[in-house]
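*Asks:* This is what each chain is made of:
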Amino acid sequence: MGNALQQEDTTKKNSTLLGADELVINMGPQHPSTHGVLRVKLKLDGERVRATECVIGYLHRGVEKIAEHRTYQQFAPYVDRMDYVAAVSNGLGYCETVEKLLSVEAPPRARVIRTILTELQRIASHLVWLGTHALDIGALTPLFYCFREREEILKIFEKYCGARLTTHAFRIGGLQYEAYDGFEKDVERFCKNFERRIQDYVDLLTGNSIWIGRTRNVGVLSAADCIALGASGPVLRASGVKWDLRKAQPYAAYEQYQFDIPTGTNGDTYDRYMVRMEEMRQSRLICLQAIEKIPEGPILGKVGKVLKPAAGEVYHSIEAPKGILGYYIVSDGTTQPYRVRIRPPSFVNLQALDKMVRGHLVADVVAIIGTLDIVLGEVDR
Amino acid sequence: MADESKPPQSPESSKPEAPPTSPAQPPAPKSAAPPAPPGAAKPTPPPPKAPPPVQVALENDLTKRYHHRFGAAILDALEDRKQPYLVIDSAQLADIARYSRDEEKFDLLEDYTAVDWPRRDKRFDLIAILYSFPHNTRLRLKIPIAETERPASLVEFWPTANWLEREIFDMFGIAFAGHPDLKRILLPDEWQGHPLRKDYDILRQDTAWIRENLGIESGQ
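If you read the protein sequences in the order shown, they are chains E and C. So the first sequence is numbered by numbering that gives the first Met the number 0: it starts at 0 and just counts up by one. So the second sequence is numbered by numbering that gives the first Met the number 0: it starts at 0 and just counts up by one.
Calculated directly from the structure, the hints in this document are not laboratory data. Remember, it's a predicted structure, so these values are computed and weren't measured experimentally. Positions of the beta carbon are idealized from the N, C-alpha and C atoms, including for glycine. One or more of the hints may lead you astray.
Some but not every residue of chain E turned toward chain C, in silico, with C-beta under 8 Å [said to hold, decoys possible]:
no., residue
1, PRO249
2, TYR314
3, TYR327
4, PHE346
5, ARG357
6, LEU360
7, VAL361
8, ALA362
Using the sequences provided together with the hints, build the complete structure.
*Replies:* Pasting the structure below:
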């Protein structure tokens, strides 16, 4: 009986419960560990996952369609609502793309402040990932620590622009707001504290045998698989590809700062954890370097109130916390974009889920969804 | 279905249609020099300075190799704001994709999407954004296709195209030949219409589907 099952289950693809060798169950859309409204159809053989199918779109709002009916400035707040735990990064990508379309550049001061805020946002985004990922796997404590630190970053955002989550921090051509008095001090204080705090997480998780048991060799993705599937960001780096858009094609002010690109070797969940932890340390270093010398000068370039980019198109992508975030904008010479395409890192990374979970246990699916660090607002747009 | 009629104009969609363009050409700039603002009665009119053309023909080693290899299938090689792109014949899409990946080392299909130009003969542009890790360069392929055409799927060359092509199918109704599992991805399977087409009004929805499945009169 057992042998017969094993021989059959690879050949029978679409058998149902009545086939008795494969059970199809739903995970989600309302499931706390799917990080939003993701539905995964699991085809199971006992506890083993044979195949999966993702059902997405529950949060689809038609962001790209909306963009065609707004002016360039009006659309900027919408991008904050895609990856809502990294709104600043989304805004940076959008503003820089429109600036390229207009062939203007933000002033140096604006670019440095943008870099600081974006790196703080990367830390905040990784903290949300760390807290929820550990929670999914069964470690309750890190969540509270992570959200404590994230709160400090959100306070800086709040003092800077009045908003905490969907910040709309940047404007096309630069910044609307000057850095507030004591901005550098706040960032410095956060960075100083954060060094010890990271050590707390490391103490809680890195050497923890339960953590290692749940993450090592789980959801392995080779470098070739990552590139073929388009997976980017920490997922790609954990597979050993030393590649980061901040280094490969620097934008904002990244070319001025020293930082490392952490990589893993196995491409498993543990490596992705290590890569993201190190990325937070590197982001902290970038912030510390940047606040040392914020150049003086204007914060908003000359872009005018009515934006009418010459007809044409431009593609620009940045290294968002979750991977390559790209914008492709076509202008027809009017004040509204003719087409805005957003290349969301979560959407493309989620495609790797099927490859990663095959052969693993149901409980590992939760760990693997967590390690992909998806945000459904961005997957569905 | 295949009409080119203007969609009903709602206040939200009062945007003018883009000028019709030939398949090989990107939209031309509408006016060379911006007209003087009506309110500003300046004694000296601003000197008419024509902006340099945004799209310029591109010729470098890369485009030469493509031209040499594929000849007439490379319809055009252009550069827009320093970003190169090739306009290619959809019939040769698979060959050019294989060549780009294997010979030119564009190993990552960074993005794949479409743009609707309803007044054109070939209604859609498929846009493939390729990235090469070894060379750290990008190249855009622009593939004009007619509405009824079924372009070759790129899943065979870049598996990441799977979901990207499903999204294009969902949003534009372009069916890819040879796609392993072509169905909608973001909208429900039974939904009628393809929202990112220009003749799909922003306020339009599949009311029948909403009534049947959500039990409400309207989704708005």
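*Asks:* Does the interface hint hold: is E/PHE346 within less than 8 Å of chain C, judged Cβ to Cβ?
*Replies:* holds (7 Å)
*Asks:* A closest beta-carbon separation below 8 Å is what the hint needs, so does E/TYR314 meet it against chain C?
*Replies:* holds (6 Å)
*Asks:* Quick check on the hint: E/ALA362 CB to chain C CB, less than 8 Å?
*Replies:* violated (26 Å)
*Asks:* Once the shortest beta carbon distance from E/TYR327 to chain C is found, is it less than 8 Å?
*Replies:* holds (6 Å)
*Asks:* Next item in the hint list is E/VAL361. Is there a CB on chain C closer than 8 Å to its CB?
*Replies:* violated (23 Å)
*Asks:* Given a cut of 8 Å on the nearest C-beta pair, is the interface hint for E/PRO249 held or broken against chain C?
*Replies:* violated (11 Å)
*Asks:* Was the hint right that E/ARG357 lines chain C, CB cutoff 8 Å?
*Replies:* violated (14 Å)
*Asks:* Interface hint check: E/LEU360, Cβ to nearest Cβ on chain C, cutoff 8 Å. Holds or violated?
*Replies:* violated (25 Å)
Hint compliance for this structure: hints 1, 5, 6, 7 and 8 are not met, and every other hint is.
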